[in-house]
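> In case you want the letters, here they are:
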Amino acid sequence: MPESKHIEDRRKSWESGIVKKVTDKNPERKKEFMTGSWIPVERVHLPSITTDTEYSEKLGFPGEYPFTRGVQPTMYRGRFWTMRQYAGFGTAEESNERYKFLMSQGQTGLSIAFDLPTQIGYDSDDPHSEGEVGKVGVAIDTLKDMEILFNGIPLDKVSTSMTINAPAAVLLAMYIAVAEKQGVSRQDINGTIQNDILKEYMARGTYIFPPKPSLRLITNIFEYCAKEVPKWNTISISGYHIREAGSTAVQEVAFTLADGIEYVKTAIKAGMDVDAFADRLSFFFNSHNDLLEEVAKFRAARRVWARIMKEKFHAKSPKSMMLRFHTQTGGSTLTAQQPDNNIVRVAIQTLAAVLGGTQSLHTNSRDEALGLPTEDAVRIALRTQQIVAYESGVTNSIDPLAGSYLVEDLTDKIESEVWKYIDKIEEFGGMVRAIENGFVQKEIQDAAYKYQREVESGERVIMGVNKFTVKQETPKEILTVDPELRNIQIRKIGEVRKTRNSEAVKSYLDELRNGAKHPEVNLMPLILDAVREYATLGEICNVLREEFGEYQESIVL
Amino acid sequence: MKKIIRILIAKPGLDGHDRGAKYVARALKDAGYEVIYTGIRQTPEAIVKTAIQEDVDFVGLSLLSGAHNELFPKVARLLREQQADDIIVLGGGVIPDADIPQLKASGIETIFTPGTPITDVIQFIEANRERVSR
Numbered sequence: 001m002p003e004s005k006h007i008e009d010r011r012k013s014w015e016s017g018i019v020k021k022v023t024d025k026n027p028e029r030k031k032e033f034m035t036g037s038w039i040p041v042e043r044v045h046l047p048s049i050t051t052d053t054e055y056s057e058k059l060g061f062p063g064e065y066p067f068t069r070g071v072q073p074t075m076y077r078g079r080f081w082t083m084r085q086y087a088g089f090g091t092a093e094e095s096n097e098r099y100k101f102l103m104s105q106g107q108t109g110l111s112i113a114f115d116l117p118t119q120i121g122y123d124s125d126d127p128h129s130e131g132e133v134g135k136v137g138v139a140i141d142t143l144k145d146m147e148i149l150f151n152g153i154p155l156d157k158v159s160t161s162m163t164i165n166a167p168a169a170v171l172l173a174m175y176i177a178v179a180e181k182q183g184v185s186r187q188d189i190n191g192t193i194q195n196d197i198l199k200e201y202m203a204r205g206t207y208i209f210p211p212k213p214s215l216r217l218i219t220n221i222f223e224y225c226a227k228e229v230p231k232w233n234t235i236s237i238s239g240y241h242i243r244e245a246g247s248t249a250v251q252e253v254a255f256t257l258a259d260g261i262e263y264v265k266t267a268i269k270a271g272m273d274v275d276a277f278a279d280r281l282s283f284f285f286n287s288h289n290d291l292l293e294e295v296a297k298f299r300a301a302r303r304v305w306a307r308i309m310k311e312k313f314h315a316k317s318p319k320s321m322m323l324r325f326h327t328q329t330g331g332s333t334l335t336a337q338q339p340d341n342n343i344v345r346v347a348i349q350t351l352a353a354v355l356g357g358t359q360s361l362h363t364n365s366r367d368e369a370l371g372l373p374t375e376d377a378v379r380i381a382l383r384t385q386q387i388v389a390y391e392s393g394v395t396n397s398i399d400p401l402a403g404s405y406l407v408e409d410l411t412d413k414i415e416s417e418v419w420k421y422i423d424k425i426e427e428f429g430g431m432v433r434a435i436e437n438g439f440v441q442k443e444i445q446d447a448a449y450k451y452q453r454e455v456e457s458g459e460r461v462i463m464g465v466n467k468f469t470v471k472q473e474t475p476k477e478i479l480t481v482d483p484e485l486r487n488i489q490i491r492k493i494g495e496v497r498k499t500r501n502s503e504a505v506k507s508y509l510d511e512l513r514n515g516a517k518h519p520e521v522n523l524m525p526l527i528l529d530a531v532r533e534y535a536t537l538g539e540i541c542n543v544l545r546e547e548f549g550e551y552q553e554s555i556v557l
Numbered sequence: 001m002k003k004i005i006r007i008l009i010a011k012p013g014l015d016g017h018d019r020g021a022k023y024v025a026r027a028l029k030d031a032g033y034e035v036i037y038t039g040i041r042q043t044p045e046a047i048v049k050t051a052i053q054e055d056v057d058f059v060g061l062s063l064l065s066g067a068h069n070e071l072f073p074k075v076a077r078l079l080r081e082q083q084a085d086d087i088i089v090l091g092g093g094v095i096p097d098a099d100i101p102q103l104k105a106s107g108i109e110t111i112f113t114p115g116t117p118i119t120d121v122i123q124f125i126e127a128n129r130e131r132v133s134r
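Chains as they are written, first to last, in this note's numbering: chain D, 1 to 557; chain V, 1 to 134.
For the record, the hints were derived by calculation from the structure and aren't laboratory data.
All of these numbers come straight from a predicted model, not from anything done at the bench.
Beta carbons are placed, not taken as given, at the ideal position from N, Cα and C, and that holds for glycine.
Any given hint could turn out to be false.
[Stated by the list, open to error] Derived CB-CB ranges, DEER-like:
1) ASP9(D) to GLN123(V): 54 to 60 Å
2) LYS316(D) to ASP97(V): 54 to 60 Å
3) THR469(D) to ILE4(V): 31 to 37 Å
4) ASP30(V) to ASN514(D): 49 to 55 Å
5) ARG513(D) to ILE4(V): 47 to 53 Å
6) SER554(D) to LYS2(V): 32 to 38 Å
7) GLU311(D) to ALA31(V): 47 to 53 Å
8) SER106(V) to ARG77(D): 54 to 60 Å
9) ILE387(D) to ILE4(V): 53 to 59 Å
10) GLU81(V) to ASP340(D): 42 to 48 Å
11) ALA504(D) to ASP97(V): 48 to 54 Å
12) GLN123(V) to VAL19(D): 41 to 47 Å
13) GLU81(V) to GLN105(D): 45 to 51 Å
The whole structure should be built from the sequences, with the hints applied where relevant.
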C-alpha cells in the first residue's frame, strides 16, 4: 500500500474520531471554509507531491522551468525586489518633487501616474478634460512637461515605469526624447510602459482606439524596442485592474494570461520571432488579503505562463518563458472607515507578494480610500516593504511556502481553473472576441456582485465596515489638487505652441497620418519625430483618432 | 398602484472605475427599480440628455477620480437649465467629507461615500418616493 493511501486512511479515522468528538460538542465557525475567491479549503491538507518526477514537473528549481518557485536562481538572497511607489499628481513640477522625496527615502525605481486626460490622449485644454487635469496623476501635454518631470533625475540611473496604455507610444517617445536631451542613449534607458489595451476594454477604461489599430500600435512598439530600446519592458500585462474590478484570483490570472496570449499571437502574426520579444513582456498583479491564496496565485501564474510559452508558442529561450511581475497591494481592499487598519492590510498583502516572488512592489497608503496619499502615509507604505525586506526574514530562503500542503494544493487548483478559462476564451476565438462578446466583463461583474452581496449580508467580514464599526472619525489631512491647475497647464500649452516650429509640427503630423493609413508602417519613429518638435499629446492622438476611429464600450450589466 | 421608479446611474468624466456604479445599478434593479446605466466616460451634457429622454426620477452620479467638484454641480445646473430639476441627483464615490456641503449647495441632494450599504440608498429613494410621484 502506498504511503499516501496510508495517510488518507489515517485522516479518515482522525475525522471520525477526535474531530467528530470535538465538533459534536463545539461546531466549527462555518460549515464550509473558502479562500477569499471561493476556493474550498479543507480542515487540513495532505501532501500531494510525493515523487521526484512530480516535484520536477510541478516545481523545479528557482530560475528553472516551469519557474513555479521563482524566475531567478537566487531571488531576494541576491537583491530585494524593486520598491516602486506609483506616484504623480498636479503639475510636472510637483510630481518631480515627490519623486525626489521618494528616492531620498530609499525607493529604488520610479512609477509615473498620469492624469486621466493624458491617459486618454486629451490635452489639458480639451473640453473632455474638464475637472480631471492633474487629479489622479500628473498632466503631460508636451515634451516640455516631460522635461520638467524628470528634471535632475538621470535617466541612465533609474528605471521608470509608466502607467500609460492607449497613448503608450507617445509617452515612450517623450521619455526617449528627454533621455536624448540628457545625453543618454535610448539603448541605455530602462523601464516599463503598461501598454496593455485589452484590460482597458474589460476593466480599466482608458481606451481610445478599437482593438485592431491598438494591437498594431503595441506590435509597433515591440518591434521598435527590440532594435532600439533593448532594455525596455514593452508591456506590462495587467491583472491588477481586473481584480480591482471585482474578479476572483483565478480570473485575474486567467484573463491576464489570455491577454498575453493575444499579444504574442499578434506579434507572431506580424512576422516577429517569439524569442525576439517575449523576454521583454512583463506582468502586473494585485495582492489581496487572503495570504495563502495569493501566494499560490503568483506561483500558478508563473507555471501556466511558462507552459504557454513553451508548449503553445514553442519559445526556445528560457527568458521567454519567465513570468516577471510587478505587484501592487489591493486598492479595493482599503476602507475609508478606520483608515489606520489599512496599514495592517497592506502589510499582509506585502507578505503575499514577497512570498509569491514578485520582482517589484507598490504598497498602497492607508488614506487612499479617502483621496490622494499624503507624504506621511506614503512613507509608512514604503517602510512596510522595507520592514518585510530587512526584518521579517522571509527573504532568506527562496519560495519558502513551497511544500506547504495547502499552498501546493491551491497552486494546482488555481492552475487547473486558469486553464479552463483560457480554453474557453480560445473557443471564442481569442480575447478580443471574448471582450466584444461581453463574456469576460460578465464573469468579472458576477464575481464583484457576489462579493458585495456577501459584504452587505455580513457573511464576508470587513473590519470597520460591517463589524466592529465605530462612529466615523474625520481624517486628519487629505491631499487635494489645486483647481487652478488646468489653467496653468493651458497657459503652458499656449507658450509651447508660440515658440515651437509649427511648420515642422504640421509636416510630422501629416507624415504620421500617412503612416497610419498604411498598416505595414511602424508608427513609433514618426511619433518620435512629432514629439521632438513639441507636437502635443492631443494633436498626435487626434490624428490617430481620425484615422483609426474610437472604441465604443459594450455595456454589460 | 405604486409608481415604478426609474433611475439613471451615470459615470461623468474620464474615470473608468465602474465597479461601484455597476453594483449599485444591479442591486437597485434587484430591489425592483427600473435602472439604466450609461457606461463610463460620459459628458455632463450626455448624462442630462439621457436623463430627460428616459424620463428618470433619480440620477446617481459616480466618480472616483476627484473631478466631482466640477462635474456633479454641472449635471445639476444643466438639469435646471432644461427645467428638469424635478429629477433628484445623488452622488457617490471617493468624495472627501469637506466637499459634501458645497456639492449639496450646488443641487446634489445627497452623497454616499465608500462603505455605504445599499439599504441606505434604497431608504433614500423610498423617502423621496412622494416627491417624484407628483
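> Now tell me if each hint is right for this structure.
Hints, one by one, checked against the model:
1. ASP9(D) to GLN123(V): 54 to 60 Å: Between ASP9(D) and GLN123(V), where Cβ atoms are some 56 Å apart, the hint holds.
2. LYS316(D) to ASP97(V): 54 to 60 Å: Roughly 58 Å apart at Cβ, these two residues keep to the hinted range, so it holds.
3. THR469(D) to ILE4(V): 31 to 37 Å: holds, 34 Å
4. ASP30(V) to ASN514(D): 49 to 55 Å: Holds, at about 52 Å.
5. ARG513(D) to ILE4(V): 47 to 53 Å: Because 51 Å falls inside the window, the suggested range holds.
6. SER554(D) to LYS2(V): 32 to 38 Å: Since SER554(D) and LYS2(V) have Cβ atoms about 33 Å apart, the given range 32 to 38 Å holds.
7. GLU311(D) to ALA31(V): 47 to 53 Å: holds, 48 Å
8. SER106(V) to ARG77(D): 54 to 60 Å: holds, 58 Å
9. ILE387(D) to ILE4(V): 53 to 59 Å: The hinted range 53 to 59 Å holds for ILE387(D) and ILE4(V), with Cβ atoms some 56 Å apart.
10. GLU81(V) to ASP340(D): 42 to 48 Å: Holds: the Cβ-Cβ distance is about 44 Å, inside 42 to 48 Å.
11. ALA504(D) to ASP97(V): 48 to 54 Å: With a Cβ separation near 50 Å, ALA504(D) and ASP97(V) satisfy 48 to 54 Å, so the hint holds.
12. GLN123(V) to VAL19(D): 41 to 47 Å: holds, 45 Å
13. GLU81(V) to GLN105(D): 45 to 51 Å: holds, 50 Å
Hint violations for this structure: none, all hints satisfied.
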